[in-house]
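Asks: Using the hints provided, position chain C relative to the given structure of chain W.
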Amino acid sequence: MKQGFSTDRRDFLKLLGLTGGGLVLGVPLIVNGESLYPDSRADAWQADAFIQVTDQGRVRLLMPQAEMGQGVSMGLATLVAEELNMSPAQIEVQVAGVHKAYAMKGIGTQLTGGSASIRERYLQLRQSAATVKHLLLQAAAQQTQVPVQDLRLRNGFVEWGTERVPVSELVATAAVLPVPEAVTLTQPDQFLWIGHDRTPRVDALAKVTGTAVFGIDVEIPDVKRAAIKRCPVIGGRLKDFNANGAEQLPGVFQVIGLDHGVAVLAQHFWQAKQAIQQIEVEWDLSMSKLANVSSASLEADLATALQQQEGDEAFKLGDGEKALASSATTLTAQYYAPYLAHATMEPMNCTVHLQPRQAEVWVGTQAPGIVQDIVAEISGINRDNIQVHTPYLGGGFGRRGFHDFVAEAATLAKAAGVPVQLVWTREDDTQNDYYRPAALVDLQAGLDEQGQLQCWSAKRAGANIMPYMMDEAMGVMMPGFMPRSLVNWFGKRGYGLFDGWVVDPTSVEGLHEDYSVPHKEVRHVTVDPGLRCGFWRSVGHSFSGFFVESFMDELAHAGGQDTLAFRLRHLQDNPRLKQALQQAANKAGWGKPKPGRFLGLAAVSSFESHVAEVAEVSVVGRQIQVHRVVCVVDCGRVINPDIVRTQMESSIIYGLSAALYGEITLEDGVVQQTNFHNYPVVTMRDAPVIDVYLIDSEAHPTGAGEPGLPPIAAAVGNAVFSATGQRLRRLPLTLEV
Amino acid sequence: MISFQLNGQTVTTDVPGDTPLLWVVREHFRLTGSKFGCGMGLCGACTMHLNGTAVKTCVLPVAAVADAAITTIEGLGTVDQLHILQQAWIKHNVPQCGYCQSGQLMAAASLLSQIPDPSDEDIDNAMSGNICRCGTYPRIKQAIQSAAQAQGRGVVLFDPADAEGVSL
Numbered sequence: 001m002k003q004g005f006s007t008d009r010r011d012f013l014k015l016l017g018l019t020g021g022g023l024v025l026g027v028p029l030i031v032n033g034e035s036l037y038p039d040s041r042a043d044a045w046q047a048d049a050f051i052q053v054t055d056q057g058r059v060r061l062l063m064p065q066a067e068m069g070q071g072v073s074m075g076l077a078t079l080v081a082e083e084l085n086m087s088p089a090q091i092e093v094q095v096a097g098v099h100k101a102y103a104m105k106g107i108g109t110q111l112t113g114g115s116a117s118i119r120e121r122y123l124q125l126r127q128s129a130a131t132v133k134h135l136l137l138q139a140a141a142q143q144t145q146v147p148v149q150d151l152r153l154r155n156g157f158v159e160w161g162t163e164r165v166p167v168s169e170l171v172a173t174a175a176v177l178p179v180p181e182a183v184t185l186t187q188p189d190q191f192l193w194i195g196h197d198r199t200p201r202v203d204a205l206a207k208v209t210g211t212a213v214f215g216i217d218v219e220i221p222d223v224k225r226a227a228i229k230r231c232p233v234i235g236g237r238l239k240d241f242n243a244n245g246a247e248q249l250p251g252v253f254q255v256i257g258l259d260h261g262v263a264v265l266a267q268h269f270w271q272a273k274q275a276i277q278q279i280e281v282e283w284d285l286s287m288s289k290l291a292n293v294s295s296a297s298l299e300a301d302l303a304t305a306l307q308q309q310e311g312d313e314a315f316k317l318g319d320g321e322k323a324l325a326s327s328a329t330t331l332t333a334q335y336y337a338p339y340l341a342h343a344t345m346e347p348m349n350c351t352v353h354l355q356p357r358q359a360e361v362w363v364g365t366q367a368p369g370i371v372q373d374i375v376a377e378i379s380g381i382n383r384d385n386i387q388v389h390t391p392y393l394g395g396g397f398g399r400r401g402f403h404d405f406v407a408e409a410a411t412l413a414k415a416a417g418v419p420v421q422l423v424w425t426r427e428d429d430t431q432n433d434y435y436r437p438a439a440l441v442d443l444q445a446g447l448d449e450q451g452q453l454q455c456w457s458a459k460r461a462g463a464n465i466m467p468y469m470m471d472e473a474m475g476v477m478m479p480g481f482m483p484r485s486l487v488n489w490f491g492k493r494g495y496g497l498f499d500g501w502v503v504d505p506t507s508v509e510g511l512h513e514d515y516s517v518p519h520k521e522v523r524h525v526t527v528d529p530g531l532r533c534g535f536w537r538s539v540g541h542s543f544s545g546f547f548v549e550s551f552m553d554e555l556a557h558a559g560g561q562d563t564l565a566f567r568l569r570h571l572q573d574n575p576r577l578k579q580a581l582q583q584a585a586n587k588a589g590w591g592k593p594k595p596g597r598f599l600g601l602a603a604v605s606s607f608e609s610h611v612a613e614v615a616e617v618s619v620v621g622r623q624i625q626v627h628r629v630v631c632v633v634d635c636g637r638v639i640n641p642d643i644v645r646t647q648m649e650s651s652i653i654y655g656l657s658a659a660l661y662g663e664i665t666l667e668d669g670v671v672q673q674t675n676f677h678n679y680p681v682v683t684m685r686d687a688p689v690i691d692v693y694l695i696d697s698e699a700h701p702t703g704a705g706e707p708g709l710p711p712i713a714a715a716v717g718n719a720v721f722s723a724t725g726q727r728l729r730r731l732p733l734t735l736e737v
Numbered sequence: 001m002i003s004f005q006l007n008g009q010t011v012t013t014d015v016p017g018d019t020p021l022l023w024v025v026r027e028h029f030r031l032t033g034s035k036f037g038c039g040m041g042l043c044g045a046c047t048m049h050l051n052g053t054a055v056k057t058c059v060l061p062v063a064a065v066a067d068a069a070i071t072t073i074e075g076l077g078t079v080d081q082l083h084i085l086q087q088a089w090i091k092h093n094v095p096q097c098g099y100c101q102s103g104q105l106m107a108a109a110s111l112l113s114q115i116p117d118p119s120d121e122d123i124d125n126a127m128s129g130n131i132c133r134c135g136t137y138p139r140i141k142q143a144i145q146s147a148a149q150a151q152g153r154g155v156v157l158f159d160p161a162d163a164e165g166v167s168l
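Protein sequence lines correspond, in order, to chains W and C.
Residue 1 is where the first sequence starts when you use the working numbering, and the numbers rise one by one after that.
Residue 1 is where the second sequence starts when you use the working numbering, and the numbers rise one by one after that.
Quick caveat, the hints were computed from the structure, so don't treat them as lab data.
Possibly wrong hints are sitting among the right ones.
Residues of chain W placed beyond 12 Å of chain C at every Cβ, according to the derived structure [to be verified]:
{"#": "1", "residue": "Asp43"}
{"#": "2", "residue": "Gly57"}
{"#": "3", "residue": "Asp448"}
{"#": "4", "residue": "Val517"}
Among the chain C residues that face chain W by a calculated CB cut under 8 Å, a handful are [what the hints assert, rightly or not]:
{"#": "5", "residue": "Gly8"}
{"#": "6", "residue": "Phe29"}
{"#": "7", "residue": "Thr32"}
{"#": "8", "residue": "Phe36"}
{"#": "9", "residue": "Glu74"}
{"#": "10", "residue": "Trp89"}
{"#": "11", "residue": "Asn93"}
{"#": "12", "residue": "Gln101"}
{"#": "13", "residue": "Ser102"}
{"#": "14", "residue": "Leu105"}
{"#": "15", "residue": "Asp124"}
Computed far set for chain W versus chain C, every beta-carbon distance over 12 Å [said to hold, decoys possible]:
{"#": "16", "residue": "Glu280"}
{"#": "17", "residue": "Ser297"}
{"#": "18", "residue": "Leu317"}
{"#": "19", "residue": "Glu377"}
{"#": "20", "residue": "Asp442"}
{"#": "21", "residue": "Gly725"}
Keep in mind the model is a prediction, meaning the values are calculated, not measured.
Note that CB positions come from ideal geometry on N, CA and C, so glycine has one too.
Looking at chain W on its own, in the form it has when it is part of the complex (with noise of 0.2 Å):
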């Protein structure tokens, strides 16, 4: 998921001061001798917001991101490890609370996306760790009067000749030691875990022995559990109901009427759900946009505004035109993508216990400092009395970014004065997401006699997701004193709010960026039937990558040239992404498939990330057949092997199944798509062998949640080409009989 801010974005929230203050590191936030940290415990030094020292010498990592998944608990512990020379397994890992020193830099809120975390966390929490560790040493230098250049710490002991003092006696005196401005970190020379993989995930075995608690395993005294049945079409309004008896059933405590449902709180979750059935409804459309849409009509309305509508210039480089004119080669395509649910394995469900001037909420969510905002509102409790925690997600993929079954669960909790816990069934899940919006795009490129791109131009039309997250974020991005109907007002507005701000920047990403062309440009048509949309693993990238990749071999056959090779040529301003192409090519044996067997490959920038992907293909009658993938990663300088090559297999498997089979389809405003057997997803029997490849780089670390989704669809998509010719300039891939 990638953070909706373009740089500019940053620099004109700074001015208006709407970011969150940063960090400031080694400085514990005590006032009057009460910590400011939501997590602080009496039996711990809190040396600053992340790094807890316990007088049993127990060290805590407060984690200020989610999992979900992505082993960002290993990443950061392995960065707080390597530091204090001790093992990341003996790191206590725990999920902080809100505060604004956890907030992402440049967005102002805690947020878990935009393939983020280490790329933000990696010298932080190694500064806050290194500062620890400084400490800890000066602690022991006093109190044993050793010379502290011959102290070393280890293993939670701190050392000297062949004596030792446990870090829990130190503690007390490290609390009240100055913080130093400056400290030095461990040389990637010494490193004896950031690049290994000596220990496994610090969430392994709780995963494994089905211990690991996630929101929905989250048990408090008296809570009721609800079920809501729901407006078929997403915006429309209940206009009166029947409890038909439902508030009769065994287990059954209150029938609820909301604004787009009715919900039923019962003694266990069962018993809601066959309650809700019992319910006759009338529902009222007159209020919802998307009553009337449906999705042929709608890529018609794409298509339609492509043709007709100038759109608005998001990126433009020379004079595409002249250079169109005078170019030996021509060609244009259209692609389209669709609207794709998250389906993440575990159900949107959110705990919330309201009390008179306090609350606590237990949900997986990437934004806590969000979930605290929307329940201070509907709750109207001050928004620092909301204690947020955060278990296991049950997987994210930018889904838990947005809130709207928060918001459902506190409105339940606070109309029945009790606890409650809201699961959403498959059913609500998968027709009531923020979905990845539909893109149509138009493109056209020239090509001089020597084959080299001279111009490219792209025109996107669909939603932009901007509006529907800012519509939630905007209570946490706007400073506390404003009143809250001019935040309000605020979100509603949405990105068209500021001025110059004329293209959501996650609705045409990915869309000129990676190959070197002297004339660019990309336009945009915002065409939004109202089917709301968010983040989607790769956000932009997860259809752009698609168009892009599949449009580049399209330009190296009409150039009568190697697809690699026309690639490479390309690539001279990339040499970072030139490199993983080169590599992945040579990996995978390109130009020399197996018989049967057919390659396609695919290159795509994304997160700051480079990633070359080969799929090796086989086609028979219709089916499409993927068996190998090669990959190949750049990200810096990696944390976890392995779990960097987890995060492409995941990748490339969760946009298999966008290649394969996703689409999200409307019917007069209703999804179509309910559950697994009709928004199917990749499964064990059409899932590829995968061989992931690092490229061993000592630049700064930057994301690998995201970048392994943008190449793959194109890949499979060139590969097909190359088995049968036939060009698929839609996802998901579907062969011509």
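Replies: Just chain C now, with coordinates in the frame of chain W:
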């Protein structure tokens, strides 16, 4: 009243017989390792063993398991005594978000008890009803193969005590 064996203990419940076993185990007996994913027997997150065989319990009425033996992930192995598949899962770095993994492990354990040395095709057949959105399939396959081999030779693939003790 319906009685059955849950991880070796006899349990009794008075819920209506059409209540899916999954919800009885999760909410009445508070074993939450088995997960709700789809409610239609399509994703396998709820997989448990019924008399040793993997079943989807989100669509299995509790009445159907009267007097039967049910095993959940909590009964497969514990931190102190990991099942060979749990060891293999850690060795091969399988779990990501982890939500589907209880079901994956139960499906795999059922497979290994029936076919101790499964082929790739056996694995595909046995495991294709268990969805993982994190895409851990290639590693699940490797882990099953490695557990199958280790099982025959009595090899330990992973011991938590070793990992805790890793220090340099």
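Asks: For every hint, state whether the structure bears it out.
Replies: Evaluation of the provided hints:
With a least beta-carbon separation of about 21 Å from chain C, W:Asp43 lies farther than 12 Å from that chain, consistent with its non-interface assignment. Look at W:Gly57: its CB is around 14 Å from the nearest CB on chain C, clear of 12 Å, so calling it non-interface holds up. The beta carbon of W:Asp448 sits about 42 Å from the closest Cβ of chain C, which is more than 12 Å, so the claim that it is off the interface holds. No Cβ of chain C comes within 12 Å of the Cβ of W:Val517; the nearest lies about 34 Å off, and the non-interface call holds.
Interface hint at C:Gly8: violated, since its Cβ lies 16 Å from the closest Cβ of chain W, which is beyond the 8 Å cut-off. Hint status for C:Phe29 relative to chain W: violated, with the closest Cβ pair at about 12 Å, above 8 Å. Using the Cβ-Cβ criterion of 8 Å, the hint placing C:Thr32 at the interface with chain W is satisfied: the shortest such distance is roughly 4 Å. At its closest, the beta carbon of C:Phe36 sits 7 Å from a beta carbon of chain W; the interface hint therefore holds under the 8 Å criterion.
The beta carbon of C:Glu74 comes within 6 Å of a beta carbon in chain W, closer than 8 Å, and the hint placing it at the interface holds. About 5 Å separates the beta-carbon of C:Trp89 from the nearest beta-carbon of chain W, less than 8 Å, and the hint is met. Evaluation of the C:Asn93 hint against chain W yields a held restraint, the C-beta minimum of about 5 Å falling below 8 Å. Restraint check, C:Gln101 versus chain W: the minimum CB separation of about 5 Å is within 8 Å; hint holds.
With a cut of 8 Å, the hint placing C:Ser102 at the interface with chain W holds, because the nearest CB-to-CB distance is about 5 Å. At its closest, the beta carbon of C:Leu105 sits 7 Å from a beta carbon of chain W; the interface hint therefore holds under the 8 Å criterion. Interface restraint check for C:Asp124: the shortest CB-CB distance to chain W comes to about 5 Å, inside 8 Å, so the restraint holds. The beta carbon of W:Glu280 sits about 22 Å from the closest Cβ of chain C, which is more than 12 Å, so the claim that it is off the interface holds.
The non-interface label for W:Ser297 is consistent with chain C: the shortest C-beta to C-beta separation is roughly 30 Å, beyond 12 Å. A cut-off of 12 Å between C-beta atoms confirms that W:Leu317 is not in contact with chain C; the least separation is 37 Å. With a least CB separation of 29 Å from chain C, W:Glu377 remains clear of the 12 Å interface cut-off, as annotated. Distance check for W:Asp442 against chain C: the nearest CB is about 32 Å away, which clears 12 Å, and the non-interface claim stands.
For W:Gly725, the shortest C-beta to C-beta distance to chain C comes to about 30 Å, beyond the 12 Å cut-off, and the non-interface label holds.
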